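Residues per chain are reported as follows:
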Amino acid sequence: MGPLKTIESKEVHPMDNLLRMDRIPHIWCPGCGIGLAVNAFATALEKAKIDLDNVCIVSGIGCTGRVAGYVKLDSFHTTHGRAIAFATGIKLGNPKLKVVVFSGDGDLISIGGNHFIHAARRNIDMLVICVNNFIYAMTGGQVAPTTPLTAYATTSPYGCVEPPFNIPYIADSSGAVYVARWTALHIRRLTNSITEALNKSGFSVVEVISPCAVYYSRINRLGDGLDMMKFYHDNSEIRHWEDTKNLDIGFQTKIIVGKFVDRQRPTYNESYNKWLSEIKGTKDEG
Amino acid sequence: MSPIINGFPRLRGLKMKADPRDVNTGVYYIDGDVAAGQGALAAGCKFIGGYPITPSTEAAEAFARVAPLAGAMFIQMEDELASIASVVGASWAGVKSMTITSGPGYSLMMETIGFGAMLETPFVLLNIQRGGPSTGVPTRTGQADMMQSRWGSHGDYEIIAISPDSPQEMFDYTIKAFNLAERYRCPVMIMSDECVGHMTERVVIPPPDEIEVEPRRFYDGQINEYLPFKPDENLVPRMVKAGDGYKLYITGLIHDERGYPVKNEEYKSIYTKRLVDKIRLNKDKIIEIKEEETDDAEIVVVSYGISSRVAVRGIEKAREKGIKVGSLRLVTVWPFPDKKIAELSKTVKAFVIPEINYGQIAFEVERCSYGEANIVLIPHGGAGVHTPDDIFHAIEYAAKEKKRIEGIIEYKTKLEKLIFEEGFKLYE
Amino acid sequence: MKADPKGILAGTYDLSGSEACVEGALAAGCRFFSGYPIQPAIEIMQRFLARAPQVDATFVQMEDEISSLAALLGAVWTGKKGVTATSGPGFSLMMEHIGLGVMHETPCVIIDVQRAGPSTGIPNRPGQGDMMQARWGSHGDYEIIALSPSSPQEMFDFTIKAFNFSERYRVPVVLMSDEYVAHLREKVIIPPASEIKIEPRRYYKGPKDKYLPFKRDKDLVPPMVDIGDGYKFHVTGLTHDDRGYPVMNEECQEFNVHPIVRKIRRSADKIVEVQEAETDDAEIVIVSYGVISRVALKTLEKARESGIKVGSLKLITVWPFAEKRVAELAKKVKAFVVPEMNYGQIVFEVERCSYGNANVVFIPYGEKEVDNTDDLLSVIKQAIKEKKVIKGITELHK
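Chains as they are written, first to last, in this note's numbering: chain A, 1 to 286; chain B, 1 to 428; chain C, 1 to 398.
It should be emphasised that the hints constitute simulated quantities derived from the structure, not laboratory data. Here the structure is a predicted model, which means the values were calculated and not measured. Please note that the accuracy of each hint is not assured.
Stated by the list, open to error - For lysine to any residue, the following SDA-like pairs were computed, each having C-alpha atoms within a straight-line distance of at most 25 Å: (1) A:Lys5 with B:Glu416; (2) C:Lys331 with B:Glu406; (3) A:Lys47 with C:Asp229; (4) B:Lys278 with B:Pro231; (5) C:Lys388 with B:Tyr370; (6) B:Lys278 with C:Pro364; (7) B:Lys46 with A:Val161.
Construct the entire structure; sequences and hints are all you get.
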């Protein structure tokens with residue numbers, strides 16, 4: 001097999017400086033919503049006016065986990081489920097960095113569930129963008145903890161019998177300070193949410209409901225990416241400040257989107273520094 | 001009334017035939033993963049707790065499709081740690097259980113594998129190996145978890161590892177794995193790889209009365225005389241299951257025959273010696289190897305899994321050239337056939353070991369040859385298999401080499417030359 | 001590079017192994033600890049926490065061992081040196097991330113305070129059952145460095161050595177301690193900062209647009225950068241080329257993984273360290289490491305007094321294994337006697353490297369106390385009588 005060729009394009013898109021153009025074309029399928037989420041993220045980075053040298057992005061394993069490889073920031077592609085733990089280490093190692101975790105529902109809530117709730121509890125200053133496509137797409141379409149009841153997946157071939165997680169509810173009850181949910185269709189509102197969250201300190205979660213044209217919608221006969229976007233258009237309802245308890249998503253039911261939580265709480269670093277300055281100067285016990 | 005107390009007839013250690021409801025007799029054209037799922041079913045496996053990981057997901061999916069019809073249960077757990085924990089739990093509930101994973105998932109399971117080994121829980125773990133450390137190359141093959149299967153968890157314990165080389169063997173040896181797990185009450189690893197897992201070949205599933213299935217050796221005596229870890233003559237204790245009135249206590253702490261944790265002051269390491277002895281002393285009954293033309297061989301190719309299939313053509317070429325090459329295929333890789341290697345090392349010039357890694361079983365071959373033969377390793381990083389030419393040229397070299405060289409001789413493959421000497425560009 | 005005086009409590013103290021180990025880490029410049037409480041590594045955690053405010057270090061107790069090592073791997077990329085401490089069960093949980101550390105080529109130190117038994121075992125008794133796991137525990141091909149201290153002073157010295165190795169070779173280094181040495185209290189001399197040599201991190205200093213994260217120097221180790229310095233680099237656990245981008249074919253696998261393995265194997269001569277005593281005329285050599293070498297050295301004296309020509313080979317670095325030295329000695333001695341607190345781990349390596357030239361006698365040192373020299377002595381006396389070279393490992397009983 002010969003060397004991979006990079007084809008240089010003659011025109012330069014205004015966002016090219018935010019993407020690793022030497023790796024485009026990317027691996028995502030036609031009809032996938034992850035590209036839209038990356039687009040919103042890149043636009044938000046510019047709008048938020050942060051020093052891009054100080055932003056670091058960490059991904060886990062999965063389709064969304066590949067995002068780190070396409071965004072031109074200090075980026076890490078880590079193990080399955082541990083992106084938040086890795087990001088915690090980065091934030092504590094250098095608190096001046098702005099850390100973004102960009103990963104999928106399976107990676108963040110299933111195997112990474114434990115780390116998600118602890119980072120929220122501690123209020124580590126990081127932004128978590130969770131792209132929720134209701135399935136484990138990278139490995140071939142297995143059921144995810146967000147797969148709605150009765151939906152099909154390769155490991156629930158007779159329909160999913162497990163009730164799904166409600167990601168904003170988990171984030172809210174674990175103590176996240178900013179929780180929002182948008183679909184891949186609501187690209188402008190999503191961009192605004194991410195911009196807000198980037199400028200907020202504390203554990204922020206933005207969930208992006210995204211179509212998976214090759215696995216989720218194909219196995220469940222929901223059409224292609226565009227059909228899913230039409231569905232989001234007809235069935236999503238914006239209800240800001242809604243109680244996160246009511247945000248469950250059933251199979252092809254209404255999707256409630258909006259900004260649900262925006263509050264203030266001392267971040268982990270703030271509490272830690274306070275403790276450090278109180279302790280400093282005390283003689284050590286030897 | 002529990003059948004255990006009544007002395008269920010199968011407890012007398014008789015061989016049992018497979019349950020016809022579990023066996024889908026016929027001739028199929030399926031891949032290794034699916035064949036392993038069918039084998040598990042035929043062996044009487046009633047529980048698989050798994051987590052998707054490439055390249056093993058097809059096995060879980062195939063099992064999920066057929067399981068409900070056979071009265072078996074498949075659940076996709078939240079991660080690999082939960083999967084293996086559920087498998088150990090299901091085993092203690094009295095069912096044969098199995099999990100399916102690959103490299104990174106296997107590493108996550110290590111603590112619970114040690115736990116299962118300590119509690120002497122019979123279970124089967126199917127590892128479809130893939131390339132590279134860490135995330136590596138998920139969609140391509142590797143054989144680099146072989147040493148990990150033996151030493152991956154902390155403390156001293158022994159396991160059995162089998163390396164099938166075709167979908168038919170995936171079917172047959174999954175059944176054998178369950179039988180060994182029940183007989184020795186230890187974890188049994190089926191160390192397959194992505195090539196064999198994704199290879200589609202003819203698989204014959206025989207009728208149920210031709211499949212031998214080892215029943216679980218349940219205890220059949222009085223409840224109040226039961227000692228969970230009192231061994232039989234073959235050093236393996238009888239098992240019970242939760243819910244039968246034994247009020248069993250099992251713990252990962254070092255325990256005595258009653259299963260109770262030993263007090264610190266009274267601790268003697270003899271409690272865990274039996275865990276290693278039950279495999280070490282029964283080694284000869286467990287080891288399975290396939291030898292060909294080793295009697296007068298000057299070179300013996302030691303291989304396992306997919307590498308042994310590639311080696312067939314390499315050996316053929318070498319024989320055409322007149323070199324006396326024998327082949328030793330390891331079906332059970334652990335326990336390692338040290339006696340056989342020591343025997344052969346006295347008569348051969350060299351062992352040639354093609355492995356899809358940078359040296360793992362080669363170290364064992366080196367250890368057991370006691371300096372009597374050269375050890376030529378043909379390494380390969382993964383994400384592909386050896387070429388028969390590499391194996392053939394390595395055999396030629398081994399046949400020509402007159403000196404006795406200490407240590408492992410790493411044969412330089414074409415791939416290595418391509419990358420490091422010919423300036424191959426991965427990208428432009 | 002000399003040590004930062006801020007972290008060093010120069011002087012002579014009575015310290016436990018755990019305390020000495022933390023002082024060693026701070027002396028080496030370590031300013032980050034992430035861990036999870038597990039017996040018998042808790043004292044290391046608590047000492048680091050107590051010292052953290054004085055040296056401006058960061059301490060975090062994570063929700064499990066998996067996230068401890070993940071957080072450590074992240075923190076190291078911000079320019080800090082980091083350490084975590086655990087025991088058997090936690091070490092098993094860390095296996096996947098050791099693989100990630102190897103693939104990302106992250107310098108870090110993992111302290112494994114070994115305890116008895118597989119699984120939960122006995123949390124407050126020593127053991128040496130994780131030695132093979134340190135080498136082979138994670139999946140895939142890789143090489144790591146493992147050191148084995150046998151006293152609080154060595155806990156101090158070897159922790160500094162571990163950090164230096166990890167920076168020089170950009171590899172996770174494991175300090176294989178055990179409960180006995182961690183809880184033992186002995187004299188520890190902490191030298192002043194000017195006498196402690198620290199290996200600095202090898203940073204890339206060239207132009208930003210020409211930076212290739214995995215372009216290796218001559219010794220196969222690539223220079224590193226920190227997050228936030230504007231290099232916008234990418235590292236992944238997938239097999240990658242020198243830009244750090246994943247490529248899924250066998251050529252890239254060879255390109256990426258073979259040097260990761262070779263960078264340690266080729267430098268093995270510079271890494272391997274052993275301590276020999278009276279091996280010049282020895283007929284029996286005791287090969288030991290860690291806590292058991294205390295027994296070995298005491299027995300050496302007694303054996304020499306009773307006229308047997310015994311020598312001792314103490315392994316300071318257990319991995320990479322001292323293959324050449326063992327092979328050399330095997331040609332001169334009658335037998336190797338290997339006492340270990342397990343049912344046979346490093347003894348297999350000794351067997352492998354003797355190439356049938358010497359007998360290999362193994363003594364499992366489980367229930368025996370660490371100051372019991374009688375059993376080892378009686379085994380030595382039996383071993384010296386054996387005239388034949390027996391292939392395989394012999395277990396002799398007292």
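Here is how each hint holds up against the structure:
1. Distance hint between A:Lys5 and B:Glu416 is fulfilled; the C-alpha atoms sit about 22 Å from each other, no more than 25 Å.
2. Restraint check: the Cα-Cα separation between C:Lys331 and B:Glu406 comes to about 12 Å, which is no more than 25 Å; the hinted pair holds.
3. Proximity of A:Lys47 to C:Asp229 is assessed by CA-CA distance (about 22 Å); at most 25 Å being required, the pair is judged to hold.
4. Between B:Lys278 and B:Pro231 the CA atoms are separated by roughly 10 Å; this keeps the pair inside 25 Å, and the hint holds.
5. Under the criterion of a C-alpha separation no larger than 25 Å, the hint pairing C:Lys388 with B:Tyr370 is consistent with the structure, at around 14 Å.
6. Distance hint between B:Lys278 and C:Pro364 is fulfilled; the C-alpha atoms sit about 17 Å from each other, no more than 25 Å.
7. Restraint check for B:Lys46 and A:Val161: the C-alpha separation of about 19 Å stays at or below 25 Å, so the hint holds.
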